[in-house]
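Going by my numbering, 139 is the number at position 134 of the sequence shown; the sequence numbering is gapless.
Treat each hint with caution, since some may be false.
Distance condition first, Cα-Cα at most 20 angstroms in a straight line; then the derived EDC-like pairs of lysine to aspartate or glutamate [claimed, not checked]:
1. Lys68 <-> Asp27
2. Lys260 <-> Asp201
3. Lys405 <-> Asp506
With beta-carbon atoms standing in for the labels, derived distance ranges [unchecked claim]:
4. Gly209 <-> Glu13: 42 to 52 angstroms
5. Asp27 <-> Cys89: 54 to 64 angstroms
6. Gly209 <-> Pro552: 33 to 43 angstroms
7. Glu13 <-> Ser75: 16 to 26 angstroms
8. Gly147 <-> Glu13: 40 to 50 angstroms
9. Ala401 <-> Lys133: 34 to 44 angstroms
10. Lys451 <-> Asp489: 34 to 44 angstroms
11. Leu78 <-> Gln192: 43 to 53 angstroms
12. Asp27 <-> Arg146: 24 to 34 angstroms
It is worth saying that the hints were derived from the structure and are not from the lab.
The C-beta atom is built at its ideal place from N, Cα and C for all residues, glycine as well.
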Amino acid sequence: MSQKEEEEEGVLLYYKFVSVPDTQELVSFYDLNCRSLGLLGRVRIASDGVNVTVGGKLSSLEKHIAVLKSNNLFEGTDFKLASCHCPSNEIIAEECGFTSLSIRVVKELVTFSSHPLLKSPAISNAGKHLSAVRFHSVLQRGGTVLENQDSTQNRRLILLDARNLYETRIGKFQTPNVQTLDPEIRQYSDLPAWIDNHSEQLQGNCVLMYCTGGIRCEMASSYIRSKGAGFEHVYQLFGGIQRYLEQFPDGGFFKGKNFVFDHRISVGSSAPDIVGSCLLCGCAFDDYSSRSRCTYCRMLVLICDGCKGKGGALYVCELCQKHSNRGQMEDNQSPKVSTPDDNSEAVGLESSTLSDCTTLLPEVPWKHDSRFSRRLRILCLHGFRQNASNFKGRTASLAKKLKNIAELVFVDAPHELPFIYQARQAKTCNISPVQQSPPPGEKCKKRYAWLVAPEFNGSRGTDWEMASKTFDPLQYQQQTGGFDISLAYLETVFSQKGPFDGILGFSQGAAMAAAVSAERGKMDSEIDFRFVILCSGFALNFAHVKPRSINFPSLHIFGNCKGKDRQIACHTSKELTGLFEEGCSVVIEHESGHIIPTQSPYIDQIKAFLQRFV
6 MSQKEEEEEG VLLYYKFVSV PDTQELVSFY DLNCRSLGLL GRVRIASDGV
56 NVTVGGKLSS LEKHIAVLKS NNLFEGTDFK LASCHCPSNE IIAEECGFTS
106 LSIRVVKELV TFSSHPLLKS PAISNAGKHL SAVRFHSVLQ RGGTVLENQD
156 STQNRRLILL DARNLYETRI GKFQTPNVQT LDPEIRQYSD LPAWIDNHSE
206 QLQGNCVLMY CTGGIRCEMA SSYIRSKGAG FEHVYQLFGG IQRYLEQFPD
256 GGFFKGKNFV FDHRISVGSS APDIVGSCLL CGCAFDDYSS RSRCTYCRML
306 VLICDGCKGK GGALYVCELC QKHSNRGQME DNQSPKVSTP DDNSEAVGLE
356 SSTLSDCTTL LPEVPWKHDS RFSRRLRILC LHGFRQNASN FKGRTASLAK
406 KLKNIAELVF VDAPHELPFI YQARQAKTCN ISPVQQSPPP GEKCKKRYAW
456 LVAPEFNGSR GTDWEMASKT FDPLQYQQQT GGFDISLAYL ETVFSQKGPF
506 DGILGFSQGA AMAAAVSAER GKMDSEIDFR FVILCSGFAL NFAHVKPRSI
556 NFPSLHIFGN CKGKDRQIAC HTSKELTGLF EEGCSVVIEH ESGHIIPTQS
606 PYIDQIKAFL QRFV
């Protein structure tokens, strides 16, 4: 029996807001401790605390907890440990980050807002914690036992769900005589805007919040309380839904299943309640194990076994349906557009093809009117030994033709390169066989890169250096260093210049953009975008990125065999395309070489792709 218990698997979740004196020291501790115990999962460390979800043997997880409890830094931490089976679906385990150990230093433990000007609220101002028993009692009595103070007795109780829509669709609190607000957001960073837009419903009332494990309520309750008078009475469920279900195994007031961000997918009570329903046929269904996603925003959707594959496995989530025809006319008049019936069931979708070498995502059954839409913001990543200025100049025609759809934003890459000139053979015997004088430095602008050779020492300056060897068209294959620096740099760009709807990368910039797309699910949405455009791109040698494993909307533009791209061969760009899931990829091949074509029909195909995100 003892041996059997040691082999039992488990999942551990915990967070702690505390001042971390040395983040790198904590990184070293987690790396050594987790690897020695065989733990896999995600560890996020910031200057103000840690957020951890790891899995492994129960005995190993208990040893991990014991070590942390001996450290004053983790005093008072709520360690949520649950037994479970080994991951049965490797795809889900990999998507949730449970096939490896990922330890990262981040700016924020949870990304509260994608808006660069909105500072995260102070955790010291978070709402008061209520235990699962107290929380249950408050709901049972309609809020009359929150406090004994007279100022609270006459306040109405508002129950606020701080989770994403796909989470709430399979489980939520349902309490008679207590109003429950579901923000219906795609991601947590959308919550501040929802709070701002619904502050009148919250002000003057007692707000009782809940989420999966508690960390999202810490930030959100602080933000609500920061609004001042009328927003003081905010409370949160300590330990989240997980602690509540442990205290009330029959579910109590919680109906359905608790969505979790690990290979378990969801955790239910002993009650057989199914509150979810299939997006297409409406039958009772709450299983996300198929990982079906909206074709447009990639949010998880519920598709029952009987409906899988219908419409070519292309689905439109309820938020995309709901907001597809909403928008503001430039003259601020209300748009006169018919909207689909909210009660419609199946969503008919058909693929369309503009040419033999182009595959397009399907059209939704209603049309988008550009008059009612805002422009997309696209971050543009230049190629190797380029800069933002010359890339902006080279894409001026593209920017002009997309001006009604998108705004292109250009940034320099973080690795500054030295000035290099190639040796040049002389034409006569009276002149030295090598160019003696480099070009004048004052006429040259700095050049940058997203990826550099591993031996690159970061040298820079205005002095020219003569290349040690002739130009190698395959040099990009040796430029494999500097990715982590560029990734951290892009996080800053998104924080200061974002939000962005998509990323456009050219050549090495496309390789960087593709790598970010592959890592996106493991980054806690610090870099958040909805699509990627890869022009003359190539794939970095990431062993964990398998063919068709990147499940993200992508547009691939490159020269075909006749295009004679002398920088990046056609088959190399095709290999990059093969890493993306076929159902969400669009491919445009052209005959114009190492450029982004802007003539018809290519520009029409680019616009058609972008229109799906307007």
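Tested hints:
no.: 1; hint: Lys68 <-> Asp27; verdict: violated, 23 angstroms
no.: 2; hint: Lys260 <-> Asp201; verdict: violated, 28 angstroms
no.: 3; hint: Lys405 <-> Asp506; verdict: holds, 18 angstroms
no.: 4; hint: Gly209 <-> Glu13: 42 to 52 angstroms; verdict: holds, 49 angstroms
no.: 5; hint: Asp27 <-> Cys89: 54 to 64 angstroms; verdict: violated, 33 angstroms
no.: 6; hint: Gly209 <-> Pro552: 33 to 43 angstroms; verdict: violated, 56 angstroms
no.: 7; hint: Glu13 <-> Ser75: 16 to 26 angstroms; verdict: holds, 24 angstroms
no.: 8; hint: Gly147 <-> Glu13: 40 to 50 angstroms; verdict: holds, 41 angstroms
no.: 9; hint: Ala401 <-> Lys133: 34 to 44 angstroms; verdict: violated, 56 angstroms
no.: 10; hint: Lys451 <-> Asp489: 34 to 44 angstroms; verdict: violated, 22 angstroms
no.: 11; hint: Leu78 <-> Gln192: 43 to 53 angstroms; verdict: violated, 29 angstroms
no.: 12; hint: Asp27 <-> Arg146: 24 to 34 angstroms; verdict: violated, 47 angstroms
Violated hints, in rising order: 1, 2, 5, 6, 9, 10, 11 and 12; the structure is consistent with all others.
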